[in-house]
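Generate coordinates for the entire structure from the input sequences, incorporating the hints supplied.
For the record, the sequence lines run as chains A and B.
Counting along the first sequence from 1, when you hit position 123 you're at 123 in the numbering used here, and nothing is skipped either side.
Convert by adding 1000 to the 1-based position in the second sequence; the result is the number in the numbering used here.
Calculated from the structure, these hints are not laboratory results.
Among these hints, one or two may not hold up.
Unchecked claim - Restricting the straight-line Cα-Cα distance to at most 30 Å, the calculated cross-link-like pairs of lysine-lysine (DSS-like) are:
no.	chain 1	residue 1	chain 2	residue 2
1	A	K150	B	K1234
2	B	K1202	B	K1191
3	B	K1111	B	K1202
4	B	K1139	A	K285
The residues making up each chain are set out below.
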Amino acid sequence: MTTTPTATRARVARSVQRQGALVILVIAVVASTFAFDSFGTTGNLTNIALQASFLAVVALGMTFVIMTGGIDLSVGSVFALGGVLAAWGAQYGTWAAILLPLVVCGAIGLVQGLIIARGGLPPFIVTLAGLLFARGVLLLISDEGATTYKVPPDSAFRELAQGSFLGIGYPIWIVVVAFGIGALVLHRTTYGSTVLAIGGQEDAADLMGLPVVRAKVLTYLASGLLAGFGGLLIASYTSSGVTVLGVGMELEVISAVVLGGTLLTGGAGTILGTLVGVLLLQVIKNVINQVGSLNSNWQAVVSGTILLIVVTLQRWLSRQVK
Amino acid sequence: MSRFDKDWVRRNGVYVALALLLLVNIVITDNFVSAGTLRLQLIQVAPVLLVALGMALVIGTEGIDLSVGAVMAIAAALVPLYIGYGTVVSLLIAVASGAVTGVLAGVLVAKVGVQPIIATLGIMVAGRGLANVFGGEIKSIRDDGMVELGSGDVLGIPYVVLIAAVVAALAWFLVRRSTYGRQLVAIGGNKRAAELAGLPVKRVLITTYVICGLLAALAGVLMAARSQASDPTKLGLLVELSAITAVVIGGTPLSGGQVRIAGTIAGALLMQLITATLIFHDIPDSTAQVAQAVIVVAAVYVQLGRKKSRKKVTT
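Spelled out as structure tokens, the structure:
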């Protein structure tokens, strides 16, 4: 009874379902290392990790949102807004550059969370409005996008994303620490188990007396904060607040989370999976850049196709499990 | 407010809002009441309305289609590629591309069981890339037939407006009078029950995504024909959001099981009029976007009225 062929198949299917993106990532990295001399160099790999770190910070917040069965479409706009606020704030000192975007972006996340959790409005619509709102505020403070704020050359704020420790850029360290904290929060706190319970069955979580409303508000607050933080990191990295950033980023972030194995219905997923999803998307981009003859538009075609293949596989495998 | 009042607001709020905004414009906007203004507004709303009508059907099945903007861009990018074979051929090929993406979305949703938002997200990302690969940079369309389609009119009514009106009538007929429409609403209301009742659930779902894709592609071709150019990077950008908003403020619930065609038309007109009002009065884009965000949330809040328990997606 314990090891029937069906049970074995279910176990294999389940582990492939969880680790599918990791397997594809490893294959992609190994194959690219052999295929392109320039891929496997330390410089290129560090570059991939650094580029991925901005997306990863935002994707961490989205992972929690999706685990509650929700979605946050506002992150791209909030990310851009955070960057512009940071670059603008940098002229008043490093703390202004860090705190201003966190306060504003956190407030946007908080309001979205309150409307969703207390008002009972669909996350999709509320965060869609958040997308318009944040982009509007961004245009407002940048003279309809005409002004690009520069971080002063002597500002210590630049150090945040341009500095490095043991030869590895600060953003990468930040991502490692943030994901570590994220995993701890998910698996070791009441908030974390509430998030998973909401995604599993919201009504049941409510009946069990779990603080559903508070957990949902916190989740959207965290997503806003992290999107703003990602924005301030890129402002530090590029030394300026670029208004056109983040368009379509929400979809890239959602793709990364889904590729990482978090189910869009909520209730299941891993923090590490999201990191793998982000890296996979970044490796695809990098590889397509390496193939000089390929138009960079293929990045989107390949990312979209891989997303569809992975979700199809996930569906197919979950039927095998059942 | 009693439940009755809220229900009334949910059903008719969009018409009231539209009437009020029209009234406000008649009073405060110079030259608002003119054939030229009306004509331009209708021409501008037509493509969005086409997309919104397809979206209304998809939302009626408790689905969503994020790929419509990308599908518009693909269709528009195909027009200059095949224009050498004549207006009709290029038109047919471009519109047919919407059926292809629609079948893909429909099969992923109905047969594989992927969530609509993810299936169409994948098509959206890949589709926008594909449109860029096909289309490259902005290409101009110099073809008399296409120019006529985009800018011409019959009896003073622009073709694009006429097409949107005919499609709207067809959509109303489909939802209210056809077997397909009854099945669609039943599936959106309760998929499991529809399955047990022996309805052709998969076929209806696939058909719905194909209709949505075809309408999006048609909208893309019309926009390209009107501007006499295809711009794969920008064309149809964020249209999915306008379309979804039009459908939802028009009274079609995101939870499926109902399709309100008249409401969708009013919703699209209302969104168009909001944008136009802000432009008439030189309010900058930034403020317009903030205003739109607030209006969307307020509209949906009024529409939802009472808090409904969230339906879980069960395969």
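Taking the hints in turn, this is what the structure says about them:
For a cut-off of 30 Å, the pair hint linking K150 of chain A to K1234 of chain B stands: about 28 Å separates their Cα positions. The suggested pairing of K1202 of chain B with K1191 of chain B holds, with an alpha-carbon distance near 10 Å, which does not exceed 30 Å. Distance hint between K1111 of chain B and K1202 of chain B is fulfilled; the C-alpha atoms sit about 7 Å from each other, no more than 30 Å. A C-alpha spacing of about 26 Å is found between K1139 of chain B and K285 of chain A, which places the hinted pair at or below 30 Å, so the restraint holds.
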